[in-house]
Every structure is written in structure tokens, then in C-alpha cells.
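Sequences listed follow chains S and R, in order.
All residue numbers for the first sequence refer to full-length UniProt numbering, where the first residue is 1 and numbers rise by one.
All residue numbers for the second sequence refer to full-length UniProt numbering, where the first residue is 1 and numbers rise by one.
Honestly, the hints are just simulated from the structure, not real lab data.
C-beta: ideal position from N, C-alpha, C; glycine also.
Please note that the accuracy of each hint is not assured.
What the hints assert, rightly or not - Here are the computed distance ranges between Cβ atoms for each label pair:
id	chain 1	residue 1	chain 2	residue 2	range
1	S	209	R	90	35 to 41 angstroms
2	S	317	R	53	16 to 22 angstroms
3	S	235	R	90	41 to 47 angstroms
4	S	220	R	53	46 to 52 angstroms
5	R	28	S	34	48 to 54 angstroms
6	S	317	R	40	32 to 38 angstroms
7	R	28	S	153	48 to 54 angstroms
8	S	191	R	53	48 to 54 angstroms
Protein chains: 2
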Amino acid sequence: MNDTKLIDIASALGISVTTVSKALKGYTDISKATRARVIEMAETMNYMPNSVAVNLRTNETKTIGVIIPATVHHFFSSVLNGILEEAEKRGYLVIILQSNEKYELEKKQLALLIQKRVDGVLMSLSNETDDFTHINEAIRKKTPVVLFDKIAKRVDCSKVVINDAKAAYDAVTYLINKGYKRIAHFRGSYVPQNSIDRFLGYKRALEAHGIEYDSKLVYVCDNNTDFEDGYENAQKIMTENPDIDAIFAITDLVAIGIIKYFNEAGIKTPEQVAVFGFSNWFMSTVISPKLTTIDQPGFEMGHQAVSLLIDEIVDIKEHRPVTHQIIELPTRIIERESTVK
Amino acid sequence: MNDTKLIDIASALGISVTTVSKALKGYTDISKATRARVIEMAETMNYMPNSVAVNLRTNETKTIGVIIPATVHHFFSSVLNGILEEAEKRGYLVIILQSNEKYELEKKQLALLIQKRVDGVLMSLSNETDDFTHINEAIRKKTPVVLFDKIAKRVDCSKVVINDAKAAYDAVTYLINKGYKRIAHFRGSYVPQNSIDRFLGYKRALEAHGIEYDSKLVYVCDNNTDFEDGYENAQKIMTENPDIDAIFAITDLVAIGIIKYFNEAGIKTPEQVAVFGFSNWFMSTVISPKLTTIDQPGFEMGHQAVSLLIDEIVDIKEHRPVTHQIIELPTRIIERESTVK
DNA sequence: GGTCTTTTCGAAAACGTTTTCGATTTTAAT
DNA sequence: ATTAAAATCGAAAACGTTTTCGAAAAGACC
Chain S
1 MNDTKLIDIA SALGISVTTV SKALKGYTDI SKATRARVIE MAETMNYMPN
51 SVAVNLRTNE TKTIGVIIPA TVHHFFSSVL NGILEEAEKR GYLVIILQSN
101 EKYELEKKQL ALLIQKRVDG VLMSLSNETD DFTHINEAIR KKTPVVLFDK
151 IAKRVDCSKV VINDAKAAYD AVTYLINKGY KRIAHFRGSY VPQNSIDRFL
201 GYKRALEAHG IEYDSKLVYV CDNNTDFEDG YENAQKIMTE NPDIDAIFAI
251 TDLVAIGIIK YFNEAGIKTP EQVAVFGFSN WFMSTVISPK LTTIDQPGFE
301 MGHQAVSLLI DEIVDIKEHR PVTHQIIELP TRIIERESTV K
Chain R
1 MNDTKLIDIA SALGISVTTV SKALKGYTDI SKATRARVIE MAETMNYMPN
51 SVAVNLRTNE TKTIGVIIPA TVHHFFSSVL NGILEEAEKR GYLVIILQSN
101 EKYELEKKQL ALLIQKRVDG VLMSLSNETD DFTHINEAIR KKTPVVLFDK
151 IAKRVDCSKV VINDAKAAYD AVTYLINKGY KRIAHFRGSY VPQNSIDRFL
201 GYKRALEAHG IEYDSKLVYV CDNNTDFEDG YENAQKIMTE NPDIDAIFAI
251 TDLVAIGIIK YFNEAGIKTP EQVAVFGFSN WFMSTVISPK LTTIDQPGFE
301 MGHQAVSLLI DEIVDIKEHR PVTHQIIELP TRIIERESTV K
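Put together the whole structure using the sequences plus the hints.
See below:
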């Protein structure tokens with residue numbers, strides 16, 4: 001009920017709060033004897049330091065903020081798990097905020113986190129964000145920021161990403177090597193960097209292997225209900241371009257929508273049309289046929305992002321020079337049934 | 001870089017910090033004129049109150065803690081979204097912790113949150129938790145706790161739940177009415193209340209409709225990898241009890257594991273064996289056949305839990321008597337393909 | 001102009017720690 | 001025994017607010 005404070009221990013022992021504080025924190029100018037007494041008394045009185053007071057005095061909160069653009073789902077839930085695990089390991093708490101892909105909200109939330117005196121913030125940008133002064137402002141105020149997944153190249157801070165263009169290039173190259181020739185792409189909307197990069201990777205892979213790029217084979221999935229998008233566009237493409245033999249989808253969810261339509265329409269996967277996903281979401285092993293996809297290491301991304309951030313926090317604290325790193329996590333092709341005849 | 005504080009505004013204006021503070025907080029004993037000057041100066045100096053100092057002085061942090069037992073996935077991601085949305089709306093930040101179904105961790109994390117001086121905590125219990133003194137202790141220390149989903153009946157606090165027993169009863173009754181006679185149950189482990197209640201609902205529905213309960217038809221899924229559990233137990237039950245005609249699974253994920261095995265083994269769903277899930281997880285519409293399930297309103301649950309918690313926080317703050325409520329959210333059967341021949 | 005009320009402001013304490021710096025005591029050295 | 005060095009402790013300031021309470025100034029009234 002009534003928390004015990006330093007002064008309670010002090011008066012119970014007839015010594016000063018200074019001595020109690022020092023004893024508890026292991027200062028060397030306290031005798032073994034009194035330290036032992038303090039520690040024991042602290043235990044019996046069930047003392048727990050008041051974090052808020054400590055925060056005020058030490059000017060650090062052992063808390064980091066996280067801003068993610070979308071609802072906690074699929075890929076971001078993996079990232080979040082990685083973040084939570086690593087933060088816990090390093091003794092930090094994490095405050096989560098969702099910007100819902102809105103720039104204004106993202107900006108407001110970042111300000112809120114700084115006001116809360118978090119020691120650093122992790123963020124993945126909203127689709128709308130094309131002005132980065134709020135982030136630069138945070139960095140200028142000595143609140144370290146590290147960006148992950150949806151980043152801004154122009155912001156000078158640490159980042160952890162995958163190479164979307166390369167991953168997409170690899171995927172399409174894989175399909176070409178497997179003998180597929182008329183490869184469609186179900187892309188995302190036009191703004192986010194990921195969507196653009198994956199599209200570019202697709203296009204370059206085609207061109208690099210002497211296959212002419214045909215814009216009619218690119219369908220846009222931008223309803224934010226990836227699954228439905230995949231389903232409907234699959235239906236559409238099979239009437240408009242029935243001669244395709246493979247689809248590279250921007251997301252596993254889109255791919256699963258495609259497969260579902262194919263299953264219902266009696267279109268054989270991969271015999272008639274192969275399907276390639278992106279992310280290696282858990283469900284891709286459950287669907288039939290199992291989905292070939294790109295493994296996007298969300299958990300690892302969360303891990304690394306926290307690690308980078310906390311390293312920077314302690315560097316700043318100890319007045320060491322900070323160095324910004326860009327970690328590019330490797331992706332790899334997970335070959336399953338949806339592309340092997 | 002260097003944040004402006006009250007004293008900066010004060011000295012810029014040649015007045016006291018007291019006056020500045022009061023002006024900013026709308027105290028009535030400050031003249032219109034000086035208030036205007038203060039507010040303007042605060043704006044131009046870009047003043048933002050130091051939350052930590054405010055927290056210390058006011059003894060509240062406008063922050064709530066959330067402890068969930070499992071990794072942010074499936075059902076809990078919906079709850080989390082509901083929590084985040086409602087907390088944002090009411091001006092609270094949220095700190096997330098995962099207990100990984102471990103009692104010791106849950107206990108430690110609760111203590112951590114209290115030490116951090118969160119204004120309240122939301123928790124869903126770990127599977128291991130059968131001692132509730134840590135929770136009672138928190139409540140005794142005037143940190144309100146509200147339990148959701150995986151609750152303990154014996155703890156005196158607000159709760160938001162579904163009626164697991166009734167939902168399960170309804171599900172099994174539905175199966176019986178559909179003509180299924182030999183209905184198995186894939187249950188969860190023995191400790192969590194949900195698991196118990198769903199099992200009891202299953203058993204009661206059988207008995208209420210003149211079907212003898214057969215303990216051999218109950219399989220336990222307690223590996224925390226629900227999907228695999230479903231898959232393996234499906235394999236097992238078809239050799240041990242090949243005469244079943246339906247399975248009521250404790251979770252959509254278990255159900256999906258079952259369906260996956262059936263699909264691979266050539267067992268027709270629902271013709272040979274019907275499958276009934278629980279939660280109405282998004283993926284249940286993607287699997288073939290689409291899964292009949294119970295809709296469990298996770299998002300709404302998060303909403304209500306936050307609402308209850310914050311109401312209690314302000315009641316305590318204003319010294320009003322607190323009243324504990326138990327909100328039971330309605331569930332409903334979502335009929336899909338896995339149970340209709 | 002004097003009294004009384006209202007308006008407007010600020011000094012100071014408080015929240016619970018941490019840390020500097022000096023004071024006192026003990027031990028070591030001669 | 002004297003002095004120097006080491007060990008042990010505590011007073012006080014500081015972190016940035018909020019809020020109480022009293023004081024001063026201004027306005028109202030006769």
C-alpha cells in the first residue's frame with residue numbers, strides 16, 4: 001500500500017538517506033557492515049525504487065518508443081516480437097504507437113514520445129511521410145532514432161532494412177530459371193518505397209534475362225485488404241491475360257488470395273500458373289499448395305533495430321561519438337510447392 | 001537541443017515560474033494579459049513540459065501496462081489493436097510486455113510495471129498462473145488491474161471476457177443439430193480457465209442432448225504451437241478413433257492444423273469429419289474448406305478493457321468508490337464450409 | 001481617504017532520488 | 001604520540017514541475 005522509500009529505510013536504521021542510497025547502489029565509501037544492514041532492511045521492507053524519481057534525477061527512462069505505420073499484423077507482429085524480446089533482454093521497456101499510415105499522427109506521436117522522455121525511438125514510416133523534419137528535429141534534440149523497414153534514405157540515422165529490389169529480382173530470376181516465361185506481377189500501391197523497389201526488381205530481372213517487360217501484366221493491389229485484392233486480381237488476370245504462367249505477388253497475403261481463386265476456379269498451381277509470395281508469413285506453409293516465397297526476417301529486424309538503438313543510447317550517454325549503421329538483412333528464397341511442377 | 005523549461009519562460013518574461021505554470025495550466029488567479037504573454041512565449045520557445053517531472057509531482061504517468069501471455073499473434077493482435085486505439089483516444093500511452101506463458105516472468109513484469117508507476121495494468125494470464133497473490137498485491141498497492149480473456153475468477157477486479165463455456169456449448173449444440181454424433185474435442189492444457197470452460201461447454205452440450213461423454217475423444221493440445229498440435233493430434237485420433245464425425249477445436253489454429261492433415265490424408269471435410277474452430281481468426285476464411293468458427297471479438301475486448309481500466313484509474317484519483325465490473329462480450333457462430341455437407 | 005473585497009502574483013515546499021563535497025572518524029606510518 | 005592517509009558518513013543541492021498560502025496591488029464602496 002504505502003511504498004517504502006529511502007527515507008523509511010534510513011530512519012529505521014538511524015542513518016541518512018544518502019548512506020542508504022549509496023549502500024544500495026554499491027558505492028565504495030560505505031562500510032561492509034552498514035551496507036549489509038541496509039540491504040537486509042531494504043529486503044524486509046520490500047523496497048523498490050521509485051522509477052519516476054530516478055528518471056528525473058538521472059535523466060533517462062530506460063524506455064524506448066516504437067511507431068509502426070500499420071495495425072499490428074503479419075509482418076509487423078514479427079518485428080514487434082523481435083523488438084520486445086531484445087528490449088526485455090537489455091532492460092528496456094517499450095511503448096507502442098500506431099500512426100495508421102498518417103503523417104500528421106506520426107509527427108504528433110513522435111513529439112509525444114520525446115516529451116515522455118523515452119531514451120530513443122524506433123520507427124517505420126507511414127506511407128504518407130515525405131517530410132522528415134520531425135525526425136531530424138528529434139535527432140537534433142539528442143533523442144536517437146532508428147528507422148526500420150519503411151525508411152527514408154535522406155535521414156541521417158541508423159537503419160535496418162532488407163533489399164527489396166534485390167529480393168524481388170532474385171524471386172523473378174528464380175522463376176525465369178525454372179522456365180516460366182510470361183510472369184505477371186501483383187504490386188502494391190505507388191507511394192511506399194517497398195512497393196516501388198519490388199516492382200523495380202521484377203522489371204529488372206525480366207530485362208536482365210531478355211524477357212520484354214509488359215506493363216499489362218502488372219496489377220495493382222492497393223485496397224489494403226491484400227487477400228481480397230489477390231483474389232480479385234487473379235480472377236481478372238485470367239480473363240484478360242490467360243496466357244500467363246506465373247505471378248510474383250508483393251505479399252504472401254496477395255499470393256494466398258491468388259491461390260484461393262485458382263483452387264476454386266480449377267486452375268492448377270503451379271502446373272498452369274505458378275505463384276510466388278513475399279514475406280514468408282506463417283500461413284504460407286498452411287495453404288495448399290504451400291507457397292514459395294521470400295523470407296523476410298521480421299523478428300531479426302526487430303532485434304537488430306533495438307540493438308542498434310540501445311547501442312546508440314549508451315554511446316550518447318557515455319559521450320562517445322555515435323556512428324550510424326545501415327544493416328541490410330539478408331533475404332532468401334523459400335522454395336515450396338507453388339512453383340515446382 | 002536544450003529543452004526550454006518553465007524557468008526559461010519565466011526569466012524571459014521577468015516573472016516567476018509559479019505564474020508561468022499557472023498560466024499554462026489555466027489557473028484563474030492569473031490575469032488575462034499575463035496569461036496571453038506566457039502562452040505566446042511558450043509557443044515561440046517551443047515549450048514542452050517534462051513529463052517525468054510532472055509524473056513525479058502529480059504521481060501519475062498517464063501510462064498503462066499490458067501483459068499478454070503469448071507472442072503478439074492472431075487473437076492477441078486484435079486485442080492489442082483495440083487497446084492501442086482506445087488508449088490513444090483517452091490520452092494514455094501503453095507499455096507492452098509478454099510473459100511467454102511463464103508465471104515467474106508474469107510476476108516479474110507486473111512488479112516492473114508497478115515500479116515504473118504505470119497508472120494501471122491490463123493483463124491476460126499465463127497458462128501457468130494459478131497463484132494470484134502478485135495481482136492481489138498490485139491491487140492492494142492501489143494499482144488497478146483489469147483482466148481480459150484469460151482471467152482468474154478468484155481475483156477481485158474488473159474483467160472483460162467472453163463466455164467460453166456458453167460459446168463452446170453453442171458450438172457443440174450446433175454440431176449435434178447438424179446431425180453429428182461422435183464429436184471429439186481438441187482442448188487446451190488443464191490450467192487456463194478458457195481451456196477448462198470450453199471443455200465444460202463441450203461436455204455439457206453432449207450431455208444435454210443425450211450423447212454420452214467419452215473421455216477418449218478429448219485430446220490435449222498444449223505444446224503452444226497450436227497448429228502443429230492440431231495436425232499431430234488429428235493424425236493420432238484418426239488411427240485411435242476413426243469413427244468420429246466431427247471435431248470441436250479449442251482454437252482456429254488447431255482447427256487449421258486438423259484440416260491441413262485431413263487434406264493431406266485425403267479425409268474429406270466435412271463429409272467424413274466436420275471441423276469447428278474458435279476465434280474467427282482472419283485465416284479461417286482463407287483455408288479450404290473455410291472454417292466454421294466462433295467469433296471472438298478481440299478488438300472490442302481491447303477497447304472495453306482499456307475503458308474499464310481508465311475509468312477505474314480516474315475513480316481512484318478522484319476518491320470515488322471503485323466498482324468492479326465484469327463485461328461479457330457476446331460471441332456468435334460463423335457458419336462456413338467445414339461443417340456443412 | 002479609509003475600509004473591504006477582489007484580483008494578481010510569488011516564495012517555498014514537495015515529489016523521491018542521486019551525487020558532490022566536505023566533515024569526521026579510523027587506521028597506518030613514523 | 002604525532003601526522004598523514006584512508007575509510008566512512010551526511011548535508012545539501014539538484015532534477016522540473018505543481019500547489020498551497022500569504023502578500024501586495026487594484027478596485028469597490030461609503
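Here is how each hint holds up against the structure:
For residue 209/S and residue 90/R, the Cβ-Cβ distance of about 55 angstroms falls outside the hinted range of 35 to 41 angstroms, so the restraint is violated. Distance hint for residue 317/S and residue 53/R: a CB-CB separation of about 20 angstroms, consistent with the stated range 16 to 22 angstroms. Distance hint for residue 235/S and residue 90/R: a CB-CB separation of about 43 angstroms, consistent with the stated range 41 to 47 angstroms. Hint check: residue 220/S to residue 53/R, Cβ distance near 50 angstroms, so the stated range 46 to 52 angstroms holds.
Distance hint for residue 28/R and residue 34/S: a CB-CB separation of about 51 angstroms, consistent with the stated range 48 to 54 angstroms. Hint check: residue 317/S to residue 40/R, Cβ distance near 35 angstroms, so the stated range 32 to 38 angstroms holds. Our hint of 48 to 54 angstroms for residue 28/R and residue 153/S holds, since their Cβ atoms are close to 51 angstroms apart. Taking the beta carbon of each, residue 191/S and residue 53/R are about 40 angstroms apart, not inside 48 to 54 angstroms as hinted.
In the structure shown, a violation is registered for the earlier hints numbered 1, 8, in ascending order.
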